Amino acid sequence: MSAIPKRLGLLVLALAGCGKFADSVFCASAGCDWKPGEWERIAVMMQQVAARAVAGELTVDQATAEMDREADRILAKRRWLLDRAEAKR
9 MSAIPKRLGL LVLALAGCGK FADSVFCASA GCDWKPGEWE RIAVMMQQVA ARAVAGELTV
69 DQATAEMDRE ADRILAKRRW LLDRAEAKR
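Here the sequence shown is numbered in my numbering, starting from 9 and rising by one per residue.
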């Protein structure tokens with residue numbers, strides 16, 4: 009499979025939301041422990057970026073890079089909190 013169809017698949021998955029398939033692809037643990045608000049923020053951002061790609065404002069590569077940057081920004085506090093909790097153990 010070439011890179012472009014795979015990335016388009018990720019854009020489609022972004023529109024689909026969380027579920028068993030998305031959990032199996034993106035969650036490292038047996039169950040996804042994301043809070044509903046976290047997933048909602050990520051899903052909305054991904055939908056907005058995907059809409060810009062569909063409208064021709066972004067290429068697929070630009071859209072996936074934007075999604076990656078924004079997801080990193082949104083989840084930065086979560087990673088920091090998890091790192092602190094792990095350090096206390």
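Bear in mind the hints are in silico, worked out from the structure with no lab data behind them. The structure presented is a predicted model; accordingly, all values stated were derived computationally and were not measured. Don't take each hint at face value.
Claimed, not checked - Below are the DSSO-like pairs computed for lysine-lysine, each with C-alpha atoms no more than 30 Å apart in a straight line:
1. Lys-85 / Lys-96
2. Lys-96 / Lys-43
3. Lys-85 / Lys-43
Practice task
With a cut-off of 30 Å on the C-alpha distance, tell me whether Lys-85 and Lys-96 pass.
Solution key: holds (17 Å)
Exercise for the section: With a cut-off of 30 Å on the C-alpha distance, tell me whether Lys-85 and Lys-43 pass. Expected result: OK: Lys-85 and Lys-43 at ~13 Å, within 30 Å.
Practice task
With a cut-off of 30 Å on the C-alpha distance, tell me whether Lys-96 and Lys-43 pass.
Solution key: holds (22 Å)
In summary, this structure violates none of the numbered hints.
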